[in-house]
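Number of protein chains: 2
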Amino acid sequence: MSKSLSQVPGKSELLSVQLLIKPYINTTPILTCKTFNSLLDTSIFFKCENFQKGGAFKFRGASHAISCLDSLDAKKGVCTHSSGNHAQALALAARLRGIQAHIVMPNTSSKVKIEAVKGYGGKITFCNPTLAAREETLSQVQQETGAIFIHPFNDYNIIAGQATACMELIAEHPDLDFIIAPVGGGGLLSGTILATKYFSPSTKVIAAEPEQANDAFQSFNLGKFVPSLNPKTIADGLLTSLGDKTWPIIKNGVSIVLTAKEDTIISAMKLIWERMKIVVEPSGVLPLAVMMENESFFRNKKVGLILSGGNVDLNRLPWLSSQPNSR
Amino acid sequence: MSKSLSQVPGKSELLSVQLLIKPYINTTPILTCKTFNSLLDTSIFFKCENFQKGGAFKFRGASHAISCLDSLDAKKGVCTHSSGNHAQALALAARLRGIQAHIVMPNTSSKVKIEAVKGYGGKITFCNPTLAAREETLSQVQQETGAIFIHPFNDYNIIAGQATACMELIAEHPDLDFIIAPVGGGGLLSGTILATKYFSPSTKVIAAEPEQANDAFQSFNLGKFVPSLNPKTIADGLLTSLGDKTWPIIKNGVSIVLTAKEDTIISAMKLIWERMKIVVEPSGVLPLAVMMENESFFRNKKVGLILSGGNVDLNRLPWLSSQPNSR
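Residue numbers (this note's numbering), protein chains in the order written: chain L, 1 to 327; chain H, 1 to 327.
Hint data in this document are derived by calculation from the structure and do not stem from the laboratory.
Check each hint, because a few of them may be wrong.
For chains that are exact copies, the list does not tell them apart, and a pair is met inside one copy or across any two.
Unchecked claim - In silico PhoX-like pairs for lysine-lysine, Cα to Cα no more than 25 angstroms straight-line:
| # | residue 1 | residue 2 |
| --- | --- | --- |
| 1 | Lys118 | Lys270 |
| 2 | Lys75 | Lys270 |
| 3 | Lys270 | Lys111 |
| 4 | Lys111 | Lys251 |
| 5 | Lys76 | Lys301 |
| 6 | Lys245 | Lys111 |
| 7 | Lys224 | Lys111 |
| 8 | Lys232 | Lys123 |
| 9 | Lys197 | Lys261 |
| 10 | Lys123 | Lys197 |
| 11 | Lys261 | Lys118 |
| 12 | Lys111 | Lys302 |
| 13 | Lys301 | Lys245 |
| 14 | Lys75 | Lys302 |
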């Protein structure tokens, strides 16, 4: 059991978390690609969290949060609401500790994510795709089971776990000008900010967000929290609002929030698949998409990109707008 | 310049070729995947030639063949006919030596392969998709340009280059029970047979072929060369017949030829994309497909699979049978 974090984790705490979860997670590869370096006249290092267990960085935070439970709490099981990747991650991490995960998922979740949660032994309760419905359903599940709630992002244990992706990137490339992470609820971005602040303070952190789900962009530029209202983007991992633990870290730690149009997100995704031969989900390509929309800003820079995940429904690819006869 | 090979390469010749081309090629990763190990109750090592330069193992052979040209021949440029991957590989290898590649491609080649050849500076001449049309068109191109013909597979320089993929696999995993390579013209398979014979003689080599393009299967089982006649398979890299240099190596060196149905090839491809988050083309998944159709044969074995390439037209994925509105 690890010590649960009740405030913003410090440098030594992140190092402890990294040591603690290292045996359970994949140290993911960092890839380069001549096509993109020459296309954007820059030097890009892709931190491939699509190769993380469960298919996304979320497994880092989930592993840490579950390792923080004492044995009494662990017996009660864990529960959460998630549009997908945190759900898979928590189900897998719970199974590895031998405890039950109860997952509340919006009934609009992609089939591949639902199947994966089931495959990892998670018990799913479906709800309508609104935050209110999620929270209400979760509350019912908690009352019925007594399971401990593990928030997808607004939790210092989760944030510390997500920070380890950036720590691995910095350990290999300590001289990056920028690190770009996608932002939804802000767990990965907050972890990236803390890791960069402690281990590579000269590197600037940039947040990447869909133009059509730009609540972090608005919040950052107005200097006050703006919730996400009915966002519509194919980047289904980036629909949520920031939390009261992630927003203060982001407000003070991010250098700029850049947005990308849906068409650019789709082009970036297809280009990565074609040229790098790796499967990355729409949310995961946001960092590349914002680079493609801001070429001159990044020219001749060394840039680390966090490709956050690779869980895609292969029957519904965004560059194919109509796919009637899939099997 | 390297010594051109006029007969079946020996052990020391393969070692020389490996040293010679090492600076130009990618030493590709060898991945494992718990999903497949548990699904098939076996231990699989995926040699990922989809991460090779040009997107397929073909770059190994092309690099070697081009390095064998003396400076006088090199000035004339090179030419070939290819349904795609050899074309890309030769164009890229030629450009890296600063010489011109002339490529005869069937007019049915996938757009992504055509674009890639153009991107590498290759000059394309299109022809009808028959062997006769390919050879006739190539002959015209040769007469007009004086370029040196580099055969896609029926050439000992090419075979020796392709052997290096298996040499890298054996160097990491010297105790495999089986190595499975796909077979089209037989360049990769012949190289795999030679590398295994010299560097891991207790490992058996298995050829994997589409049931609907089973000329190697027929040839092997009848003990005499059978040409490929109007094959119809989504594995577009495996349409060609064996050659008079590859067939004798295969006849004596392969342990068994296994075939897979089209549906299995498609399932294997989709599963690899979903679970391993890597892009592999239909021809490249044949080794996994034959394992899926012969589970008991491979149970509890250590198996090396050569994932030969990852050049796929992302607008035409085989599990989506109708894609009218791609962009």
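Right, here's what the structure says about each hint:
1. Lys118 <-> Lys270: Result: close only across copies, 19 angstroms inter versus 28 angstroms intra.
2. Lys75 <-> Lys270: neither (44 angstroms within a copy, 37 angstroms between copies)
3. Lys270 <-> Lys111: both (21 angstroms within a copy, 14 angstroms between copies)
4. Lys111 <-> Lys251: Result: close neither inside a copy nor across copies, 35 angstroms intra and 46 angstroms inter.
5. Lys76 <-> Lys301: neither (49 angstroms within a copy, 40 angstroms between copies)
6. Lys245 <-> Lys111: neither (31 angstroms within a copy, 48 angstroms between copies)
7. Lys224 <-> Lys111: neither (36 angstroms within a copy, 48 angstroms between copies)
8. Lys232 <-> Lys123: Neither: 28 angstroms inside a copy, 44 angstroms across copies.
9. Lys197 <-> Lys261: neither (29 angstroms within a copy, 54 angstroms between copies)
10. Lys123 <-> Lys197: Neither: 38 angstroms inside a chain and 51 angstroms across chains, both beyond 25 angstroms.
11. Lys261 <-> Lys118: neither (33 angstroms within a copy, 29 angstroms between copies)
12. Lys111 <-> Lys302: neither (37 angstroms within a copy, 33 angstroms between copies)
13. Lys301 <-> Lys245: neither (31 angstroms within a copy, 50 angstroms between copies)
14. Lys75 <-> Lys302: Classified as neither: same-chain Cα gap 46 angstroms, cross-chain 38 angstroms, threshold 25 angstroms.
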